[in-house]
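Undergrad: Listed below, chain by chain, are the residues.
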Amino acid sequence: METKAMTAFRKTAKTSTSGAKTLGQKYFVSPEIFGEEQEKIFSTQWMLIGHQSQIAGAGDYVVQQVIGESLIAIRDKSGEIRGFYNVCRHRGTRLKEDACGHASAIQCPYHAWTYGLDGKLIGAPHMDDVPGFDKAEYSLHTVNLALWEGFIFVNLAKEPHSLEEWFAPLAGKFSHWNMSILRSAKRIEYDVRANWKLMFENYSECYHCPGVHPMLSKVSPYDSAENDLCEGPFLGGFMSITKGADLTMSGKACGLPVGGTNAADSQRVFYYSIFPNMLLSLHPEYVMVHQLWPQSPERTLIVCDWFFHPDAAGVTDPRYRFNPGDAIEFWDMTNKQDWHVCELSQQGIASRAYQPGPYSSRERIPAAWDREYLRQMA
Amino acid sequence: METKAMTAFRKTAKTSTSGAKTLGQKYFVSPEIFGEEQEKIFSTQWMLIGHQSQIAGAGDYVVQQVIGESLIAIRDKSGEIRGFYNVCRHRGTRLKEDACGHASAIQCPYHAWTYGLDGKLIGAPHMDDVPGFDKAEYSLHTVNLALWEGFIFVNLAKEPHSLEEWFAPLAGKFSHWNMSILRSAKRIEYDVRANWKLMFENYSECYHCPGVHPMLSKVSPYDSAENDLCEGPFLGGFMSITKGADLTMSGKACGLPVGGTNAADSQRVFYYSIFPNMLLSLHPEYVMVHQLWPQSPERTLIVCDWFFHPDAAGVTDPRYRFNPGDAIEFWDMTNKQDWHVCELSQQGIASRAYQPGPYSSRERIPAAWDREYLRQMA
Amino acid sequence: METKAMTAFRKTAKTSTSGAKTLGQKYFVSPEIFGEEQEKIFSTQWMLIGHQSQIAGAGDYVVQQVIGESLIAIRDKSGEIRGFYNVCRHRGTRLKEDACGHASAIQCPYHAWTYGLDGKLIGAPHMDDVPGFDKAEYSLHTVNLALWEGFIFVNLAKEPHSLEEWFAPLAGKFSHWNMSILRSAKRIEYDVRANWKLMFENYSECYHCPGVHPMLSKVSPYDSAENDLCEGPFLGGFMSITKGADLTMSGKACGLPVGGTNAADSQRVFYYSIFPNMLLSLHPEYVMVHQLWPQSPERTLIVCDWFFHPDAAGVTDPRYRFNPGDAIEFWDMTNKQDWHVCELSQQGIASRAYQPGPYSSRERIPAAWDREYLRQMA
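Residue numbers (the working numbering), protein chains in the order written: chain A, 438 to 815; chain B, 438 to 815; chain C, 438 to 815.
Just to be clear, a hint being listed does not mean it is correct.
Identical copies look the same in the list; a pair holds intra-copy or inter-copy alike.
The list that follows gives simulated cross-link-like pairs (lysine-lysine, DSSO-like), each with its CA atoms no further than 27 Å apart [as the list claims (entries may be wrong)]:
no.	residue 1	residue 2
1	K458	K572
2	K463	K477
3	K557	K572
4	K623	K773
5	K458	K557
6	K463	K572
7	K463	K595
8	K514	K572
9	K595	K458
10	K610	K623
11	K680	K610
12	K655	K689
13	K689	K458
Source of the hints: derived by calculation from the structure; they are not laboratory data.
Could you build all of it, start to finish, from the sequences and the hints given here?
TA: What follows is the structure, encoded as structure tokens:
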């Protein structure tokens, strides 16, 4: 079965982008558009919130804010990961305050109502003498949750489209990276004063690399991009890595290869944007994943994880010496360079003088991303 | 004469609270409801702003913000306490900036217009040559002010209902506490990120005490409450104090009894909520009073005073050694525990998953408080 | 040719101000009025943004925020000063982040589009293969810019009235001050929590001086004002300086006279308000200039410069020893006293008790300023 997005892709993939211009001002500053995005995109699409390795054991949980909603993803006793609204059924109290933790049951800190890991109410003091009260009616409210390649996605829709169908166009594409077994070595959060779409547009081209990323440009030529996903909700391709170089501060590999030993891949870095909140960057020895969390028209929280092979730490082969900081420092610097120019764009776009400007021939992917965005908003 | 609230009380006092649920989400997050509360409740009801002992001498004043209005309560030369808007009649300048002080006259810091303690304009330089100008037309704007048991109340209504009638149902009830002669030993202000009603609901039950207040629960059993005011704008009753204990950090009395030497009272703590901004907690040797000042739907300023017997400091009887910090530290800790769970409730109630939840059999007073609130908003 | 304002002046100059009252509350707190002011005043009038001496050489530029718009004033190779919106024509990026600097061309930090000092697009990588793209269509957006007595003014209107005509009523009036050659010795910025009109009203009278400015009042009697511009967009006159005194901390002159050696002027300080954002204060040996930048109904950014004779630093005559800090400290203190009472007025005016109050006989200029403001808003 083909998704709507894929049908659209076949129709438009060969369209020239000549004439494509940036989005109008309202898309970057209007609270009304922001509200519309929350309704049409963030309340209906699958949103990345983490990776299964973060909650490996029964009772392990993470808490994630999704467009103002606090959600708990917790592994139950059968090993399944479940999603709940972080709200007690008694007086509405927030149940879990910390970003992650472990619990044998979910107990409200206010009046001690207690829920099992499956969300069922199992304890509610002094409620027995309330006529008509039935514990079975007061389970935690659930949220849809599903996995793709080991990543945890949630969907706030009441009857969401299937995650499996959504990702069908990518079936098999990333298998040899074994993403489901990777482990995050580091998470960094960024508070960016720019509209979330600017970061997608920024991620989708390297036209800006010579001026913005002098170090990256040295190890990965800005004009080496070859895109294989050019229309629809998944966009991107690879860029080449200069022989003998690496996307690290030292220029050397910093861990065990995660994508197998394919010689070609060892000289490539793959960049894919996964609509609407994931950036997936596959390097020979690590996978960098950004989550984008729009906070307002002019502000976005970005959560960035660096994933490595689970066996990376134990490797003795000097070619693959485990040194995650070498990649993290490289990308933390590069990320900040990107966020800075996104913030400058946000500032200028808010001007009465701003008009949509022309995309160059090296900005076909941003133009395609804009088209997908407008389709979702239609 | 019986107030409307008391008539309502007789009608509903025996109604079971089974089936009562918490208020809907809008009451905790909506700016429109907040505006309606300001109009229907805080602009028409008597609001506690302090105690007469704070301004004992002629010219002593306090300044209090009441729903955005800065008010001056000042004792005039005849000993009467008067209320004025803190606004010069010339160019509108704020007259008094400090929270309290002493003045022989009220002089504007801008152009030196000067008012007597009775609010009359007595000096206005260079106004004599303005044709038609008459000082008598430019007295300070007054605000209604009255006393109850030594506490100062203001009312922003143009023609407010009588304070005396309002408090008639409580006539004599607190006489033997001699509240009008007490003195505050300490004031602490709390900035709480929760709707003001959550603090009233929290104050009105001890169902939460075992989990939230381990120390309080030890000295005052959570299920010992006996309520004597169960419907209307005044709600509450007493809880017992474990024999040999006290609501202090040390567990010992920390001052001279304020409520006389009634043996029963010496083992009881009385908790009354006085609609819409006063919490009155009477302990054997001190009276704790909270003022609640809603700042926004999701934020409340709370001002807490601890009042002691005016002779407490001079007592030599070792049973009543004056140690106010012992009580203040106990309640400051307990207050913060309460504000924290109120903040958690605020967070959860803002969720799309929140629905009104069922009150337990130990939450009859919060349910009654909600009913009174809804009557006031009707 | 006579401006509308001057015609109005002739008609009303002899009108008594008796009966004049302060503006209504809405003019100080309403976001709608603030929006109207931006449209009717700040988007159509000439706004002071600086002095030509700040950008003396080709490629020197300053960046100024004007009602939310970031503007670049840059001196081109021919010596002319030009005004541009600080917005790249490609993707809208802010071009210049710093408040001032020097550039041989204006290059966008994002994708390196490059503009000449005349605003013409001279470089745009990878745009040649975009069909129909023409550099000539992508010059920087210009903003109207003109000079008066060496001061730089901008006007956001598409077809603004002429700066020359606007200032015609002042032609020759300030010539002997040689303001176009002066140099700023110091700039101080103030963030004031008050409506911008309160600062104009404050500047326009010395009725407040005895109470607010004890030191100023000593060296310049508060009742010595003689106004020569009493109606219209330019208002003010002079006050006398006590013989042997000076408006400095030491009471001594702090630099070379800027206004020539006219004996009368050496004992006078001239104060003029230039609608809508300039306060011009001419002292014997320095010129103080305030720029007012409304940020919201209740907040204004004030930029204050102290200008001295360009040769002041080299003077050896002990009567004119160059000591700019002596004047700056004096006025920084006095400025802060003013902003403080303006903030107090803002607070009081926001009260429900505020009503317009009567201006005194010493507040004819504030009353005239209010009239001009209302004419502009009509």
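Undergrad: The structure should be examined with respect to each hint, and the outcome stated for every one.
TA: Here is how each hint holds up against the structure:
1. Proximity of K458 to K572 under the C-alpha cut-off of 27 Å is restricted to the inter-copy arrangement: shortest distance 15 Å between copies versus 56 Å within a copy.
2. In the homo-oligomer, the alpha carbons of K463 and K477 lie at most 27 Å apart both inside one protomer (16 Å) and across protomers (23 Å), since each shortest distance falls under that limit.
3. In the homo-oligomer, the alpha carbons of K557 and K572 lie at most 27 Å apart inside one protomer (8 Å), although the nearest pairing across protomers, at 65 Å, exceeds that limit.
4. In this assembly of identical chains, K623 and K773 lie within 27 Å of each other by CA distance solely inside one copy; the values are 16 Å within and 34 Å between copies.
5. Proximity of K458 and K557 under a CA criterion of 27 Å is satisfied inter-copy only: 20 Å between copies versus 52 Å inside one chain copy.
6. With identical chains, the CA atoms of K463 and K572 are at most 27 Å apart between copies only, with a shortest distance of 26 Å across copies and 48 Å within one.
7. Taking CA atoms no more than 27 Å apart as the test, K463 paired with K595 passes between copies only; the shortest distance there is 22 Å, against 29 Å inside one copy.
8. For the homomeric pair K514 and K572, the shortest alpha-carbon distance inside one copy (21 Å) is at most 27 Å, but the shortest distance between copies (65 Å) is not.
9. When the C-alpha separation of K595 and K458 is checked against a cutoff of 27 Å, the pair qualifies only between copies, where the shortest distance is 25 Å, while the shortest distance within a copy is 36 Å.
10. In this homomeric assembly, K610 and K623 come within 27 Å of each other (Cα to Cα) only inside a single copy, at 25 Å, whereas the closest approach across copies is 63 Å.
11. Taking the shortest Cα distances, K680 and K610 sit within 27 Å of each other inside one copy (25 Å), while across copies they are farther apart (73 Å).
12. Taking identical chains as interchangeable, the C-alpha atoms of K655 and K689 lie at most 27 Å apart only when both belong to the same chain, with a minimum of 14 Å there against 62 Å between chains.
13. Taking the shortest Cα distances, K689 and K458 never come within 27 Å of each other, neither inside one copy (39 Å) nor across copies (63 Å).
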